[in-house]
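Engineer: The residues making up each chain are set out below.
There are 2 protein chains.
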Amino acid sequence: MKYTHHNNELNRSHLGMSVYLKGWVAKTRNLGGLIFIDLRDKNGITQLVVLPENSNYDTATRLKSEYVIEAKGKVIERQSKNKNISTGEIEIEVTELIILNEAEMTPIGISHEDNASEEVRLKYRYLDLRRPVMQNYLLKRSQITQAIRESLLEQAFNEFETPILGKSTPEGARDFLVPSRIYPGEFYALPQSPQIYKQLYMVAGFERYFQIARCFRDEDLRADRQLEFTQIDVEASFLTETEIQAVIERTLAHTFKKVLNHEIELPIRKMPYDEAIRSYGSDKPDLRFDLKLQSYNDLLDPLQIPLFADKVVRGFVFNEAEKLTRKELDKLTLLVKKNHADALAFVKLINNELSGSIAKFIANKDAFIEQTNLKEGDILLLVSSSNYEKTSNAAGVLRKEIGESFGLANPNQFEFVWIVDWPLFEFDEENNRFVALHHPFTAPKEHQKHLMKENPKAVMAQAYDIVLNGYEIGGGSIRIHESSIQQTMFEVLGLEKEVIEDRFGFLVGALKYGTPPHGGLALGLDRIVMLMTNTKNIKDVIAFPKTQSARDLMMQAPSGVDSKQLDELKIDFKK
Amino acid sequence: MKYTHHNNELNRSHLGMSVYLKGWVAKTRNLGGLIFIDLRDKNGITQLVVLPENSNYDTATRLKSEYVIEAKGKVIERQSKNKNISTGEIEIEVTELIILNEAEMTPIGISHEDNASEEVRLKYRYLDLRRPVMQNYLLKRSQITQAIRESLLEQAFNEFETPILGKSTPEGARDFLVPSRIYPGEFYALPQSPQIYKQLYMVAGFERYFQIARCFRDEDLRADRQLEFTQIDVEASFLTETEIQAVIERTLAHTFKKVLNHEIELPIRKMPYDEAIRSYGSDKPDLRFDLKLQSYNDLLDPLQIPLFADKVVRGFVFNEAEKLTRKELDKLTLLVKKNHADALAFVKLINNELSGSIAKFIANKDAFIEQTNLKEGDILLLVSSSNYEKTSNAAGVLRKEIGESFGLANPNQFEFVWIVDWPLFEFDEENNRFVALHHPFTAPKEHQKHLMKENPKAVMAQAYDIVLNGYEIGGGSIRIHESSIQQTMFEVLGLEKEVIEDRFGFLVGALKYGTPPHGGLALGLDRIVMLMTNTKNIKDVIAFPKTQSARDLMMQAPSGVDSKQLDELKIDFKK
Chain D
1 MKYTHHNNEL NRSHLGMSVY LKGWVAKTRN LGGLIFIDLR DKNGITQLVV
51 LPENSNYDTA TRLKSEYVIE AKGKVIERQS KNKNISTGEI EIEVTELIIL
101 NEAEMTPIGI SHEDNASEEV RLKYRYLDLR RPVMQNYLLK RSQITQAIRE
151 SLLEQAFNEF ETPILGKSTP EGARDFLVPS RIYPGEFYAL PQSPQIYKQL
201 YMVAGFERYF QIARCFRDED LRADRQLEFT QIDVEASFLT ETEIQAVIER
251 TLAHTFKKVL NHEIELPIRK MPYDEAIRSY GSDKPDLRFD LKLQSYNDLL
301 DPLQIPLFAD KVVRGFVFNE AEKLTRKELD KLTLLVKKNH ADALAFVKLI
351 NNELSGSIAK FIANKDAFIE QTNLKEGDIL LLVSSSNYEK TSNAAGVLRK
401 EIGESFGLAN PNQFEFVWIV DWPLFEFDEE NNRFVALHHP FTAPKEHQKH
451 LMKENPKAVM AQAYDIVLNG YEIGGGSIRI HESSIQQTMF EVLGLEKEVI
501 EDRFGFLVGA LKYGTPPHGG LALGLDRIVM LMTNTKNIKD VIAFPKTQSA
551 RDLMMQAPSG VDSKQLDELK IDFKK
Chain Z
576 MKYTHHNNEL NRSHLGMSVY LKGWVAKTRN LGGLIFIDLR DKNGITQLVV
626 LPENSNYDTA TRLKSEYVIE AKGKVIERQS KNKNISTGEI EIEVTELIIL
676 NEAEMTPIGI SHEDNASEEV RLKYRYLDLR RPVMQNYLLK RSQITQAIRE
726 SLLEQAFNEF ETPILGKSTP EGARDFLVPS RIYPGEFYAL PQSPQIYKQL
776 YMVAGFERYF QIARCFRDED LRADRQLEFT QIDVEASFLT ETEIQAVIER
826 TLAHTFKKVL NHEIELPIRK MPYDEAIRSY GSDKPDLRFD LKLQSYNDLL
876 DPLQIPLFAD KVVRGFVFNE AEKLTRKELD KLTLLVKKNH ADALAFVKLI
926 NNELSGSIAK FIANKDAFIE QTNLKEGDIL LLVSSSNYEK TSNAAGVLRK
976 EIGESFGLAN PNQFEFVWIV DWPLFEFDEE NNRFVALHHP FTAPKEHQKH
1026 LMKENPKAVM AQAYDIVLNG YEIGGGSIRI HESSIQQTMF EVLGLEKEVI
1076 EDRFGFLVGA LKYGTPPHGG LALGLDRIVM LMTNTKNIKD VIAFPKTQSA
1126 RDLMMQAPSG VDSKQLDELK IDFKK
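Residue numbers (our numbering), protein chains in the order written: chain D, 1 to 575; chain Z, 576 to 1150.
Everything labelled a hint here was simulated from the structure, so no lab data went into it.
Just to be clear, a hint being listed does not mean it is correct.
[Stated by the list, open to error] Distance ranges between label pairs, derived from CB positions: (1) E1073(Z) x D220(D): 26 to 36 Å; (2) E979(Z) x H439(D): 42 to 52 Å; (3) N659(Z) x L153(D): 24 to 34 Å; (4) K833(Z) x N261(D): 25 to 35 Å; (5) F427(D) x E725(Z): 25 to 35 Å.
[To be verified] Below are the EDC-like pairs computed for lysine to aspartate or glutamate, each with C-alpha atoms no more than 20 Å apart in a straight line: (6) K564(D) x D1147(Z); (7) K284(D) x E265(D); (8) K1145(Z) x E491(D); (9) K512(D) x E679(Z); (10) K577(Z) x E243(D); (11) K1111(Z) x E725(Z); (12) K457(D) x E491(D); (13) K1020(Z) x E1057(Z); (14) K2(D) x E725(Z); (15) K1149(Z) x E491(D); (16) K1032(Z) x E1001(Z); (17) K833(Z) x E725(Z); (18) K574(D) x D1142(Z); (19) K564(D) x E794(Z); (20) K859(Z) x E824(Z); (21) K574(D) x E1143(Z); (22) K348(D) x D378(D).
[Said to hold, decoys possible] Where chain D lies over chain Z, by a calculated footprint (3+ residues, C-beta under 8 Å): (23) 672 to 681; (24) 733 to 742; (25) 748 to 759; (26) 924 to 935.
As the structure is a prediction and not an experimental result, all values here were calculated from the model.
Even glycine gets a Cβ: it sits at the ideal position worked out from N, Cα and C.
Go ahead and model the full structure; you've got the sequences and the hints to work with.
Structural biologist: Shown next, in the form of structure tokens:
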């Protein structure tokens, strides 16, 4: 093509060369009559210089920021070097300069970190995306996606598509519905995931499927959630839990190596669900820091502290007691209460003295210090509630907050862990029935199949989540491939025959015709990109996101439509 | 992984080896007490043999078609070789045999071409897809997609995503609408293409975008159309028409070479739109055969044939007159009339005599033969109507029909052509206004920009379609990047200010802030796969298609939904 170089490519080795460049004017300066232009493209910046005697000088004086230009010239040595950019030792003495398009003053600044509001950034997203930091996010996203794909192809997976216009199955989250014009009153639904389709690919004998799949959930948005999101959807036949985990580990290792030059140590450690709750109070523990939870009832019950009467008390030791000021502790107390705990208490060891809300109940100081293994400067934080789950969860939230607030979580460290041995069911108190903890196609552990009816609570699933730095980045399971086990599953869930037939009839049918053992996993691409680019806002890694209130501010969607469109769909709105 | 081989891999070089296989029972035979099993996986078939003295013999007798099994055994030489399969010289003497899943009798046959109805095939799609011919279609689709991607990545394109939940812009086809729960009465729309988003990627400075993108049109279905389809969407900045075409040519050449080992001769020939209409009566000519159209008014007008009075007469010579029986010609007459022509006439030259409906008007036979260059056994087919466009179009349909019916179109030949130099506008008689022939973002030829208002009909577009064997497989254009030209375009189209602002406001805005020259193209993946796998039915290359009446027969979609779902959307239906 006619342009000879990108704007990051030229250096001293090109001195004297005639080049042809294009890009955006990042900035211009007139220094003693010489016009200097920073020319930007997606790759970098090159400095152009136009001399007063040059026939393009008039054109050069007209340039403003964000004009699109092309320029021919000769690579010459630069007077004042710029060590911050790869082209900082040269500049281009322009011989020809053409304006390809002009630009008005942009509502947000392009060439630097801009402090425009999120609203303005989203409205002018095409300019926001021109900022180098945003270019980097999206180029990284593209590289990450491709690296994942490479690894899966390398492992004999094929990429297959599944429909976006599917059937509504009102389990799980809320579906987006698409009214049918041909069948008024009937709807297609956008997929929450291609779960059933990928299982049907296995039934059909394709053995190894993946897809970078768009998924949809009509749920209220949170900072790390969008109406539509992208998942790396994987399914394989004839593989065990461990084998599927190994596939994903290779994929993650390849991706982190290729994109970040970061080595993930394989195999990734595995932690049973029970241990995650016990030691970290979370099914997605951040393992970049320790602060392991312990149970303190054995130690505290004999002290008969009124606050802890009939409570489960769990907590952990933090070695920088001085950082937890009164104000800080008040904030943390609110946090654990918000997370359904009853109280937060603490004991500090400062100058070899115990202090804090429950210190007065401790009769034998030395024994207490020995049993808790407290060191000078430590603080023991204690969370209580009426049961083990609530206490563990609140203590886990507290642990996370302290880890993040006091710099224990290194943003450049990546700590992966597989959470395994999940319960197959959980009991839904409200509706007085068992529900599937993952989804109703998840297989029980092979040796516990026979317990599904008689003791559902005891049955563990062949399910696994992968967690990175406290975020669940993916989850999966071995699926039920035997028709009789699927039937038992539906029975334990208390689904009526008609409901089974209506929602899952074809799947139950499919299992009868020679379905291979199979399983898979889905990785959340948006979240992985967010963690790999070290941003906290998922919108940063999505080109055209919706706001928290589900609007596209640039396109102005959703919007009203022509009455003709509604007439064709035979749709009215309730007052 | 524990299985040692796929079922296409073993041959004489593995004799004596212990292997571990898995797959589906394609068929079993009991020959003199020995049980032979054809074991199938997605790669191929291996024959197993179980001897009567083997402890697994009982298991083997239980096997039926489509049971899923795994087997260990030793590779031995086969008595009766099968030359049709790669493993035909060996078989496996089974030492261990496990049934992984059973199978009922399947409603359609798996291991061979099945003549089940399309309805049954779509209902049991997971079984239909198990048939080797369907496996091949979808594996090819996966390979084709990946080859296209490889080539674009190689050419410095990045893959980027665009939203599925967008805004309804009721130009072009009918949008699928998605009601918003949060804003009752408002809708998102599914994209007919990512056209505007990919242009915004260019405005944002990403320079080279592609996406394997899902697109949606709520139009009535035809044999080669689905509600949702996949396109390879490409856009680049700073490239000319020719340069973009070269990108696509390299991509197609790489894909055909890699998947079919077929060499496409580059560059692909280019044909102006005018010539395509003149010589082939179609903007997507099938160039696998000749049958070039010519105009016959100069020759025929002097003969004063009443049928042709005041008509435009065009046609072509076909050299197998004997194939066009009376019955055949009647059918063809209906065909041209259905395509808005007034008449089909013909002149045959048989035994050096002219015959046919208009032969009696030909006074000077020898002159006529010389002027038409008719040879013994030729037939001259003549189509007439009141104008050039209608006549050309009907003659083009006739040409295509004859080419396809009489074996002139070789299914193993691939004839590509770029159709270029399209008109920018066409006049919409019904609404008495100009409309954009492609879309309102298509740029005029650079040297004709100034003619847009004064002589719209004369302005050609920087647009190009790529045609393969008579199918349009892709189309694109250079886009308008100057705000003033875009404004002129909207004016010529007669769009009101409010409409422009409401539908395209952000794009018009975007053009003001330094939009680079850019353009692109979209290739129809489904159609390309159809042509490359030589099937006529687009449903064959889509895993889970809808029927002609827009239903998913397997999932039963669209369907009614819970009243709770409608209540949340505040939707009612008109009686």
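Engineer: Determine for every hint whether it applies to the structure shown.
Structural biologist: Consistency of the hints with the structure:
Distance hint check: the CB atoms of E1073(Z) and D220(D) are about 33 Å apart, consistent with the given range 26 to 36 Å. The hint said 42 to 52 Å for the Cβ distance between E979(Z) and H439(D), and at roughly 49 Å that hint holds. Between N659(Z) and L153(D) the CB atoms are about 30 Å apart, so this pair conforms to the stated range of 24 to 34 Å. In this structure the supplied range 25 to 35 Å holds for K833(Z) paired with N261(D), their Cβ-Cβ distance being about 30 Å.
Taking 25 to 35 Å as the suggested C-beta distance range, the pair F427(D) and E725(Z) does not conform, at roughly 50 Å. Restraint check: the Cα-Cα separation between K564(D) and D1147(Z) comes to about 16 Å, which is no more than 20 Å; the hinted pair holds. With a CA separation close to 19 Å, the supplied pair K284(D) and E265(D) stays within the 20 Å bound. In summary, the hint linking K1145(Z) to E491(D) is not supported, as the alpha carbons are separated by about 34 Å, beyond the 20 Å threshold.
Restraint check for K512(D) and E679(Z): the C-alpha separation of about 6 Å stays at or below 20 Å, so the hint holds. Of the pairs offered as hints, the one joining K577(Z) and E243(D) holds, with about 9 Å between alpha carbons and a cut-off of 20 Å not exceeded. About 27 Å separates the Cα atoms of K1111(Z) and E725(Z), which puts this hinted pair outside 20 Å; it is violated. For the proposed pair K457(D) and E491(D), the alpha carbon gap of about 15 Å is at most 20 Å, so the pair holds.
Restraint check for K1020(Z) and E1057(Z): the C-alpha separation of about 13 Å stays at or below 20 Å, so the hint holds. Taken as a hint, the K2(D) and E725(Z) pair is broken in the structure, with Cα atoms around 23 Å apart against an allowance of 20 Å. For the hint pairing K1149(Z) with E491(D), the CA-to-CA distance comes to about 39 Å; that exceeds 20 Å, so the pair is violated. For the proposed pair K1032(Z) and E1001(Z), the alpha carbon gap of about 7 Å is at most 20 Å, so the pair holds.
Between K833(Z) and E725(Z) the alpha-carbon distance is near 11 Å, which keeps this suggested pair within the 20 Å criterion. Taking the CA atoms of K574(D) and D1142(Z), the gap is near 8 Å; set against the 20 Å cutoff, the hint holds. Our distance criterion of 20 Å between C-alpha atoms is met by K564(D) and E794(Z), whose separation comes to about 15 Å. The hinted pair formed by K859(Z) and E824(Z) meets the criterion: a straight-line CA distance of about 17 Å does not exceed 20 Å.
With a C-alpha separation of about 10 Å, the suggested pair K574(D) and E1143(Z) falls inside the 20 Å cut-off, and the hint holds. Distance hint between K348(D) and D378(D) is fulfilled; the C-alpha atoms sit about 6 Å from each other, no more than 20 Å. Beta-carbon proximity to chain D at under 8 Å applies to 6 residues in the region 672 to 681 of chain Z; the threshold of 3 is reached and the given coverage holds. Coverage of the region 733 to 742 of chain Z by chain D holds [criterion: at least 3 residues with CB-CB distance below 8 Å; count 10].
Restraint check on the region 748 to 759 of chain Z versus chain D: 11 residues with Cβ-Cβ distances below 8 Å, three needed, restraint holds. Chain D is given as covering the region 924 to 935 of chain Z, and this is violated because 0 residues of the stretch bring a CB closer than 8 Å to a CB of that chain, at least three being needed.
Hint compliance for this structure: hints 5, 8, 11, 14, 15 and 26 are not met, and every other hint is.
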